[in-house]
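If you're matching them up, the sequences are chains V and R in order. Going by my numbering, the first sequence opens with residue 4, and the numbers climb by one from there. Going by my numbering, the second sequence opens with residue 3, and the numbers climb by one from there.
These are calculated hints, taken from the structure and not from any lab test. No false leads were slipped in.
Here are the simulated BS3-like pairs of lysine-lysine, each with C-alpha atoms no more than 27 Å apart in a straight line:
#1 R:K32 to V:K11
#2 V:K31 to R:K12
#3 V:K38 to R:K27
#4 R:K123 to R:K93
#5 R:K22 to V:K11
#6 V:K57 to R:K22
#7 R:K27 to V:K22
#8 V:K57 to R:K74
#9 V:K22 to R:K32
#10 V:K31 to R:K33
#11 R:K33 to V:K22
#12 R:K38 to V:K22
#13 V:K69 to R:K75
#14 R:K75 to V:K57
#15 V:K38 to R:K12
#16 R:K32 to V:K31
#17 R:K27 to V:K31
Simulated coverage check for chain V against chain R, where a stretch passes if three residues somewhere in it have a Cβ under 8 Å from a Cβ of chain R:
#18 29-40
#19 45-58
#20 72-81
Beta-carbon label-pair distances, calculated as ranges:
#21 R:I95 to V:H71: 36 to 44 Å
#22 R:E107 to V:T67: 44 to 52 Å
#23 V:T43 to R:M105: 38 to 46 Å
#24 V:G41 to R:Y42: 32 to 40 Å
#25 R:L108 to V:L58: 34 to 42 Å
#26 R:K12 to V:L10: 35 to 43 Å
#27 V:E70 to R:Q109: 45 to 53 Å
In this text, a Cβ means the ideal position worked out from N, Cα and C, and glycines have one as well.
Below are the chains, spelled out letter by letter.
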Amino acid sequence: MKSLGHLKYFLGIEVSRSKEGIFLSQQKYALDLLKETGMTACNPVSTPIEENLKLSIHPQQIHTNKEHYQRLVGRLMHLAHTRPDLAFF
Amino acid sequence: MHSPSEEHMKAVTRILCYLKSSPGKGILFKKGDNLKIDGYTDADWAGSIQDRRSTSGYFTFVGGNLVTWRSKKQEVVVRSSAEAEYRGMAKAICELLWIKNLMQELQVEQIYPMRLYCDSKATCDIAHNRVQNDRTKN
Numbered sequence: 004m005k006s007l008g009h010l011k012y013f014l015g016i017e018v019s020r021s022k023e024g025i026f027l028s029q030q031k032y033a034l035d036l037l038k039e040t041g042m043t044a045c046n047p048v049s050t051p052i053e054e055n056l057k058l059s060i061h062p063q064q065i066h067t068n069k070e071h072y073q074r075l076v077g078r079l080m081h082l083a084h085t086r087p088d089l090a091f092f
Numbered sequence: 003m004h005s006p007s008e009e010h011m012k013a014v015t016r017i018l019c020y021l022k023s024s025p026g027k028g029i030l031f032k033k034g035d036n037l038k039i040d041g042y043t044d045a046d047w048a049g050s051i052q053d054r055r056s057t058s059g060y061f062t063f064v065g066g067n068l069v070t071w072r073s074k075k076q077e078v079v080v081r082s083s084a085e086a087e088y089r090g091m092a093k094a095i096c097e098l099l100w101i102k103n104l105m106q107e108l109q110v111e112q113i114y115p116m117r118l119y120c121d122s123k124a125t126c127d128i129a130h131n132r133v134q135n136d137r138t139k140n
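Working from the sequences, and respecting the hints, build out all of it.
The following block contains the structure:
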């Protein structure tokens, strides 16, 4: 068995060590997601959800691309590994 | 999830805009002098306008570092906010016990009692069994 030194990158999770402690993030994954969805130029907002937003399903609503939506949700769920602020989703 | 609408997509887009403001956020694990286990819970009573089910969540700390968290819609309809909170509390206690057992298995001695925090006075009272059971029925 061979030691590969300190862990830096594993399964898309970046690991960095400092005096303060060990920091885990998925910055590359987040930036790739923004690039892929063409959101790199969007207006940043400070909260992840609109206040008092209630989502529901009713017959009159306009449907969106299901596959695209599910893929995005899946990617956000993966991102939630190091982002508890997205756990409500 | 089966028939997402434009509204749902808008919510996802909102999250992406939020992500844009903070792509580098993550979790920091700091070295501490103890390995106290703490848990925090909260619930949103009847939050779903579709089926009136509640959502509850918890997060747990070991030695001041966040280790696990969950936010999940409950599987039954409850009739009071205290009940929603109490069910959330039960889920959090399961998680705390799991962490405790895991640490025991890893031979990490736990000298402090585990603490669970909840912002509902009524629910804390029920947990302490300070109120009559009848009163919790509505």
